[in-house]
Each structure stands twice: as C-alpha cells, then as structure tokens.
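Number of protein chains: 2
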Amino acid sequence: MTVDSTTADEALAWLALLRAPGLGAGAIRALVARHGSARSVLAQARRDPSIAAAARESVCAPDGATQAADQRWLEQPGNHLITFASEDYPALLRDIPSAPAALFVAGDPIHLWSAQIAIVGSRNATASGLANARAFAKAFAQSGNVVTSGLAEGIDGAAHAAALDAGGATIAVLGTGTDVIYPRQHGDLAARIATNGALVSEFPPGTAGKPEHFPRRNRIIAGLSLGTLVIEAGLNSGSLITARLAAEQGREVFALPGSIHSPLARGCHKLIRDGAMLIETADEVLGQLRGIGARLADHLRGRLGEGSAGAAHENPAPATAKRDPEYARLLAALDRTPVSLDELAERSRLPIPALSSMLLVLELEGVVSAANGGRYVLA
Amino acid sequence: MTVDSTTADEALAWLALLRAPGLGAGAIRALVARHGSARSVLAQARRDPSIAAAARESVCAPDGATQAADQRWLEQPGNHLITFASEDYPALLRDIPSAPAALFVAGDPIHLWSAQIAIVGSRNATASGLANARAFAKAFAQSGNVVTSGLAEGIDGAAHAAALDAGGATIAVLGTGTDVIYPRQHGDLAARIATNGALVSEFPPGTAGKPEHFPRRNRIIAGLSLGTLVIEAGLNSGSLITARLAAEQGREVFALPGSIHSPLARGCHKLIRDGAMLIETADEVLGQLRGIGARLADHLRGRLGEGSAGAAHENPAPATAKRDPEYARLLAALDRTPVSLDELAERSRLPIPALSSMLLVLELEGVVSAANGGRYVLA
Chain A
1 MTVDSTTADE
11 ALAWLALLRA
21 PGLGAGAIRA
31 LVARHGSARS
41 VLAQARRDPS
51 IAAAARESVC
61 APDGATQAAD
71 QRWLEQPGNH
81 LITFASEDYP
91 ALLRDIPSAP
101 AALFVAGDPI
111 HLWSAQIAIV
121 GSRNATASGL
131 ANARAFAKAF
141 AQSGNVVTSG
151 LAEGIDGAAH
161 AAALDAGGAT
171 IAVLGTGTDV
181 IYPRQHGDLA
191 ARIATNGALV
201 SEFPPGTAGK
211 PEHFPRRNRI
221 IAGLSLGTLV
231 IEAGLNSGSL
241 ITARLAAEQG
251 REVFALPGSI
261 HSPLARGCHK
271 LIRDGAMLIE
281 TADEVLGQLR
291 GIGARLADHL
301 RGRLGEGSAG
311 AAHENPAPAT
321 AKRDPEYARL
331 LAALDRTPVS
341 LDELAERSRL
351 PIPALSSMLL
361 VLELEGVVSA
371 ANGGRYVLA
Chain B
1 MTVDSTTADE
11 ALAWLALLRA
21 PGLGAGAIRA
31 LVARHGSARS
41 VLAQARRDPS
51 IAAAARESVC
61 APDGATQAAD
71 QRWLEQPGNH
81 LITFASEDYP
91 ALLRDIPSAP
101 AALFVAGDPI
111 HLWSAQIAIV
121 GSRNATASGL
131 ANARAFAKAF
141 AQSGNVVTSG
151 LAEGIDGAAH
161 AAALDAGGAT
171 IAVLGTGTDV
181 IYPRQHGDLA
191 ARIATNGALV
201 SEFPPGTAGK
211 PEHFPRRNRI
221 IAGLSLGTLV
231 IEAGLNSGSL
241 ITARLAAEQG
251 REVFALPGSI
261 HSPLARGCHK
271 LIRDGAMLIE
281 TADEVLGQLR
291 GIGARLADHL
301 RGRLGEGSAG
311 AAHENPAPAT
321 AKRDPEYARL
331 LAALDRTPVS
341 LDELAERSRL
351 PIPALSSMLL
361 VLELEGVVSA
371 ANGGRYVLA
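Residue numbers (my numbering), protein chains in the order written: chain A, 1 to 379; chain B, 1 to 379.
Misleading hints may appear alongside valid ones.
DSS-like mimics (lysine-lysine), calculated; alpha carbons at most 27 Å apart, straight line [to be verified]:
no.	chain 1	residue 1	chain 2	residue 2
1	A	K210	B	K138
2	A	K138	A	K270
3	B	K210	A	K270
4	B	K138	A	K138
5	B	K138	B	K270
With beta-carbon atoms standing in for the labels, derived distance ranges [claimed, not checked]:
no.	chain 1	residue 1	chain 2	residue 2	range
6	B	S50	A	Q288	50 to 58 Å
7	A	M277	B	K210	48 to 56 Å
8	B	G275	A	D283	18 to 26 Å
9	B	R290	A	P263	22 to 30 Å
The set of hints was computed from the structure by calculation and includes no laboratory data. As the structure is a computational prediction, the values presented were derived from the model and not from experiment. Where a beta carbon is used, it is the ideal one built from N, C-alpha and C, also for glycine.
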C-alpha cells in the first residue's frame, strides 16, 4: 500500500493509547471516535473522566525510551500501523465484536485486503497432518487466496511455508510484537513472510509472548479470514478456540477428519459434530467460500457504506454495482491481464483505500480475481 | 423359540405363495390379510381375480419336487418360517414400508427380538477397518446387543465373527436361501452363526444369489436394527444403500471417519455430511441408541397394540407400563439374575410371543436388559 492515511504524529498518538495500561481495544476505539483523533484524545486526556488514572498518567507522560523505540519501529521501511480509524483497516476484521484497536504490520498491508483462508492446527502435528497442511495451503495460494495462520510450530508453519513455496502470500498473526519472533526457529520463515505477505500483531513492538496472548491472537486469525480450516487438533487445542471464534463471527469452519485412533483427529471430529464442514479436498473449501463470498459482500458493502469516512462508493446494490459511476470507472480500468493497485489508481483516479475496499467487494461478488502480489484481473 | 404359531400346513401354504412368480411381498401380505390365512388364499385362488394367471397356476398346481424340498427344509431342526401374520415376526422389521412377507430362519429366531445393531462395510476393507469392525462388534455383543450384518467378506464377516468370539449372538441376513451360503468361504462362519444366532433370508430355500438380491437384503439388515454403523465404505458401496434405508426407516445411522486419503473413508464421510452421526467409540453408539430406544418403544407399543391379534398387552403408556397387570406379572417374574424366556413364561403364565414383544418394549425403555443367549434381567 503506497498511501498511508495515518500521519506520523497521529501514529505516535495511537501508540501512546495502545501502550496505556488498562486501556482496552473497545475503550480506545470509543475514545478516538468521540474525540475525532488519537492526538485529540491525548490533548484532552486530563479533562476526560472516562480515562482511569493510571492510563491518563501513561498517556500524558509517556516513557521517552519507549516512545523513541516506537518511532524507530514506525520509521522502519515495511512497518505500518493500521488503526481502526483508518480506511486501510481490514473490513472483515472490523466486523468482529472485539476488533483490535490497531494492527502492527511488518510487510505489505495490501494482503490484509485479499481474500484470506485460515489454516490452523496442532503444534505436534503428525507427518500426514503436515503434508495435508502443505497441500491445502498450496491449493489455496494457487487459487489466489492468502493463507493466514499463527506462525506456530507444526500445522501453522507448514501452511505458511507451503503458501510461500507456491508463490503465494501468507499472513502470520502473532501473539508477540512483530519484532519478537516466537518460536525462535521460525525466524527465517518470518523474514520470508514479511517479504511475501505480512506479520501482523495487535501487540506493540517489543511485546513478549504470554500465554494469554495466543487465544486473543486466534480471534484475529479467524476475523481476518473468510473461513478457517482445522487440519489436526487435539481436544484441548487452541485451534478449537480459533474455530469457535470463526463460527461466532459467522465465518465458515472446516475440519479434516482422521482415524478414530488418532488423538489429533479428536478436535476435528468434535468440530464436525458441532457443525463444521467435513473436508476432503481444497476444492470443497474454495467452492463453499465462493458461496459465502456473495453474502459477505452484501454485508461488507453495508458496513463500508455506513462506516468509512470519505469513501464515496457507498451502497451500490449487487446488481447495480456496475452502474455506480465509481465502480464503472474501476471496472473500466480493470483488464483480462492482471493490473497492480497503483496502476488501477492511476487509471481510475480513485484513492487507493477506496479502491481496496471496492476490489474486495467485487472479488467477493466474483467479478474480480486477485492474483498473487496484489494484482487484480476481471474474473 | 419353543412355540411356533405357524402350523406345518400353513407354512407350506405360505411357501406356495412365496414361490409364486410375480407375487410380491405386499401382495402376499394383502392376500393373507384378506383371506385370513395362506391356506384360505390357496383354497380360493381360482376365484380371486387379484391373482395374476402365472401366479395362480403356480399356487394351484405347485411343483411336486420343490414342495417336497420345502417340506424337508421346514422339518429340519433349527429351521423356522416366520410369516408376517405371526406374532413372532420382528416388530421393528414389521414397521418398514417394504417389510418381507416372511423370513426363513436357520437358527434361533429369539435373536430377531433382541436389540440389534447393524455393522456393515466394504468387502475389501483395510486391516484397520477390519480391526475396527471387530472392536465395535465385540463391544456391542458384550453389552448384550445382537450384531446384525450381511455375511459378506470384509467388514460383515469380521463383525459376525467378533460377536461370536465375544460370546454374543449375531444375525446374518442373506441374499440367498439360508441353505445356500455365499461367499463359499464363509461356510464355517455361517454354521457358527446358525448355532449362536440366526441366518435369515426372505428368499426360499435353494435360492441362488443374484445381484439384485443384495440391496433387498440390505433393507432387512437396516429394518431389523435399532441403528446401522458403517465402518468403511467406498462411494459406490452397498453399505451406503443400507445406511440410506436405515435413515429412511427412521433408524440411526452411524459412520466412522477416516483419512481423507483413504477411498474407503469417502462413503463414511458422505454419510456424515448427509447427517449420520460421526462415531469414535462403541459407547457413543450405545448411548445414542439408549436415547432412541424410548422413542421406538412408544412407537412399537402403538404398533403392537393395533397390530397383533390375541395380544392382550395393548397400549400401556410408558409410565403406566408397570401398572398394566400383564406387565406387572412380567416384572414380578424378572430378577436381578438373568432368566430364560421359558422360565419367564412359566413364572408369568404369559404366552411366549406376547412375552417377547413385552420384553422388547421394556428393553427399549431401559427397564430390562437382554443378556447373551436370550436371558433377561432387570436393568
């Protein structure tokens, strides 16, 4: 994404809020909405009784060393702060009840706007589970989807690596800061992901992993994705949390069955009994997501219409999308050969954040396909 | 069963009807119901315009050699003809739309009145599938259920053998006459089943196996059983027919999941997608059947009340069953140690066919348990 709607000052103000003790995502979102910007929140923090004393102290007198480190992180090429107030904030994630106040991104945030499929599963996967993770990730990547997972050992790592090997993009959502890679042995993998995808976290730079971070991380994996596929999972696996959150968020949950003698099939079998779709092939997942794509597009269009300030592409009905003048400009700019977002912006004279959301709507409607590397083509 | 309500003459008359060309199960049931007995149908066949010419010819002038062979089969110890008109006809099977007009039984027909669970699956099962068939059959037999299957190679044979090895009873429903064993290599197994269970067929003695017999056989397997468990099945497996019939008959369908790479898991996965219960352990099947047992008991009680002539135990409501004088006599005759049906008949002075149906009602209500070998105990 070449345009960043959040200025450096505003980004630093957001970081002050994100680092304030006891200030949750919902509170931050509400404060910024009420005051108009993070800088305004900071300017008026002393007079806002809704901010508890400890948070107010932290916001008004931030730690200088932390602030300098945050500034260095923001200035580093490839690092982005995507706030809930930004049009770049991923639309599907915006839709979940406990949406993060902001995302720290190392890599290209464009992938956050692509159609994502989550692949999750056990850290202690079997050889056959790892092979299945690789095969499904490859198929999803080759059909133009971004594979989203949690960078954990086992299924997660196999899915990320296979998506990259297939020339696709992959998003790793972390339970640490994007500059703290856990597990350590996935350092090289994380570097590849930052280059051909994105490392994403709601935790500020430098945050170490804590056990309670990982279930929170899971809601972001589920919230970014159209659907979540669980490959192998024990009955107490964190993957079942991700799947439950996906179902609660109205997203599709997919699970691979296995032998009744394999403890790592138990979690998948539980999900299937609870209503997850039993999956044998990647095409079944893709077929099902095409089906729910249209429904999500409707919903998303509503959200985009009501939510984002300055977006002039509001409420085109599905059949009339092509008659909306801005959609008509975008469709005229599209081609049978893949076109980059920058090129589309130049051709259509539409701002990139608006373009991103319009392209996702068209993608979910099946009019546009996203090719690897943020290039778009008429479907 | 020590009492046989069908006399030798009446049995031969039924055989004449069963062997008449073009006379289906529904037509035979209707004729006998209209004329009062099979002998009356034969006596009035020349004057009944509903009987087509070929069937009438066969009925009025039966082949002498066939008749002699049928008589020999009927006289052989252990062989029984259970007609639809008999109180011995299994109540659950009576309930299906296309119930056979009669069952040829080699073995003890008492097992037809026990709670049965069908285990079916591929003839070309894997080693793991065969091991699963054995383990589930053993568990069902040890919990006092009769294992019902089709005597085929693979899953069927493994289930029969394991039920017998566990000291339980098993019923094999054949697509041939009970005196024609197919596949040949199951001759020894069939002999064991006739001794500790029953070979059952709707086809008269001497009938060879034809491809169209086996789907018809499958409806009897499903119809006799409270539920059907499919262990391994390809997408074109006859086991899927059995499962579909079981579902259509309102019985429970259970399926074992497996690897997405195993062609023999595909049929089971299809069943699970279509609503079959995904099964990991035998206890799950037994628990589920206890649940539907009560429902079937209600239904069965209605049928028994309206259907069987001379049964004096009509319409006891579930809670009042114990207050019905005949049920009270039966409950008084039962004990915490298993009691044989003969002993129960002597103690309660109730006729054995009435006893059998009352015991099934109590069994389905969870008041009585059937132990191996037709012995009953208070649950």
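Now the hints, each set against the structure:
no.: 1; hint: A:K210 with B:K138; result: 47 Å, violated
no.: 2; hint: A:K138 with A:K270; result: 26 Å, holds
no.: 3; hint: B:K210 with A:K270; result: 41 Å, violated
no.: 4; hint: B:K138 with A:K138; result: 43 Å, violated
no.: 5; hint: B:K138 with B:K270; result: 26 Å, holds
no.: 6; hint: B:S50 with A:Q288: 50 to 58 Å; result: 53 Å, holds
no.: 7; hint: A:M277 with B:K210: 48 to 56 Å; result: 40 Å, violated
no.: 8; hint: B:G275 with A:D283: 18 to 26 Å; result: 22 Å, holds
no.: 9; hint: B:R290 with A:P263: 22 to 30 Å; result: 26 Å, holds
The structure does not agree with the numbered hints 1, 3, 4 and 7 stated previously, though it agrees with the rest.
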